[in-house]
Amino acid sequence: MMQIQHPRTSSLRLVLWCSAVLSLCRCACAADSTGAALDSLLSFYSAGLSHNTHFQASFTQSRYLAMFEKPLVSTGTVSFSSPDKIRFHYKTPFESVILFAGGNMKRYRVESGSYIEQPSLEIVAKAITREIVRYLSGSFTARDFPYSVSVDPKDKRHITLVPTLSAAQAVFEKIELRFPADPLYIKSIRLVEPSGDYILIEHDAPSFAPLPDSLFTAVP
Amino acid sequence: MKSIVTRALIFFLACAACTPPPLTTQRAATPLEHLPLRAGIPRELGATCDILVHGARLRTRARVGMSADTVNIALVDEFGVALAQAATAAAGVDIVRVFPPASRETAVGAALCIRAFLLAASRRYDRPGTFAAPLSPQHSLLVFASGAAPDSLHISIDEKLFFAAYLTPSAFVALDIARDTVLVFTPDTVLFEYR
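Chains as they are written, first to last, in this note's numbering: chain A, 1 to 220; chain B, 1 to 195.
Worth flagging that the hints you see were computed from the coordinates, not collected in a lab. Since the model is a prediction, treat every value here as computed from it, not as a measurement. Virtual Cβ for every residue (Gly too), placed ideally from N, Cα, C. A portion of the hints provided could be inaccurate.
As the list claims (entries may be wrong) - FRET-style restraints, in silico, Cβ to Cβ:
{"id": "1", "chain 1": "A", "residue 1": "K91", "chain 2": "B", "residue 2": "P42", "range": "21 to 27 Å"}
{"id": "2", "chain 1": "A", "residue 1": "S214", "chain 2": "B", "residue 2": "K160", "range": "49 to 55 Å"}
{"id": "3", "chain 1": "A", "residue 1": "S150", "chain 2": "B", "residue 2": "K160", "range": "55 to 61 Å"}
{"id": "4", "chain 1": "B", "residue 1": "A148", "chain 2": "A", "residue 2": "P119", "range": "36 to 42 Å"}
{"id": "5", "chain 1": "B", "residue 1": "G55", "chain 2": "A", "residue 2": "D155", "range": "47 to 53 Å"}
To be verified - Partial list, derived from the structure: chain B residues whose beta carbon lies under 10 Å from chain A:
{"id": "6", "residue": "G55"}
{"id": "7", "residue": "R61"}
{"id": "8", "residue": "A62"}
{"id": "9", "residue": "A68"}
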């Protein structure tokens with residue numbers, strides 16, 4: 001259904017958008033190799049992401065493995081509620097739901113409309129979920145953020161995180177995040193393993209409307 | 001009602017597939033390589049693959065790639081975590097990687113079954129019969145075909161039945177008699193056409 005925006009709302013959005021772009025440009029212009037410029041850019045992304053307490057988008061996840069020519073692709077919808085609730089609803093190649101709330105995680109496969117609980121997730125999947133929650137909530141400037149961060153000098157909307165903890169280094173060599181200009185959200189996450197294999201998650205059609213709590217704790 | 005009929009059919013097929021082939025049958029089987037190769041088998045295909053983990057069925061995404069003499073297999077969970085990666089050839093199964101909750105045993109079983117399935121699918125059944133092929137130094141494959149496609153497969157280890165499997169137009173189900181259903185492999189490409 002088409003939504004008609006009030007002219008004042010449109011103007012406000014335009015002002016906010018211009019302000020965001022100007023802020024980004026300021027950060028980008030100032031972003032030499034100094035830590036202050038990097039901190040400023042990260043603060044900008046962090047503030048932009050944490051401003052939206054809810055986030056929902058469709059996603060395409062592609063798993064690239066060196067032993068195959070084509071990736072394994074799955075699609076679905078991700079829903080996020082700040083600070084730590086997330087729901088993945090996979091639609092293809094088969095329907096399944098993963099709920100993560102308060103540190104607890106449950107996985108279901110959906111067959112003929114019935115939700116069948118699956119064996120508990122392994123450590124790596126839990127770790128990936130925790131990290132995705134961390135990025136979506138925009139906690140790049142937290143003191144305990146366990147990554148060294150760098151920004152692509154040619155593209156300020158592309159940041160690279162390199163794990164600083166040895167346990168994480170064993171799983172991921174680096175994580176790359178991309179941000180579009182407006183609205184500000186994480187467009188893609190690329191999790192690169194030490195072997196060079198990687199997982200690419202791309203978000204589309206973002207929405208920031210409030211989401212009910214029940215979405216993250218229960219299945220029908 | 002349909003569900004009961006379907007379950008009964010599956011039970012019947014499972015029983016049929018689980019009936020151990022007599023050793024004389026194995027020895028009298030025609031080598032699978034005597035059948036002509038089929039054209040049009042894709043080099044790489046995707047699938048869903050249910051495996052048994054700690055007694056519970058776990059649904060995974062699967063990718064299978066074939067080269068001249070090797071079949072590469074990956075079972076990947078929703079997050080993209082590669083639970084099992086293996087390369088199988090006549091020399092045996094080489095486990096590239098296993099992550100919990102999958103185990104080495106799961107990976108070997110799945111790799112053997114999927115390679116058996118692809119070996120059987122790679123031939124054109126121009127006559128009914130029983131056909132045999134080596135799967136690994138320890139395992140061999142026996143294919144029963146009554147028409148233009150195989151009806152059931154048996155994998156034996158040192159001439160004792162190890163796995164049995166039956167085929168439907170859309171899925172390949174491998175059974176481990178000692179435990180439970182081990183693997184339901186549903187390729188996104190139809191490999192068998194039943195008339």
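Worksheet item: Quick check: which numbered hints come out false for this structure?
Response: 9
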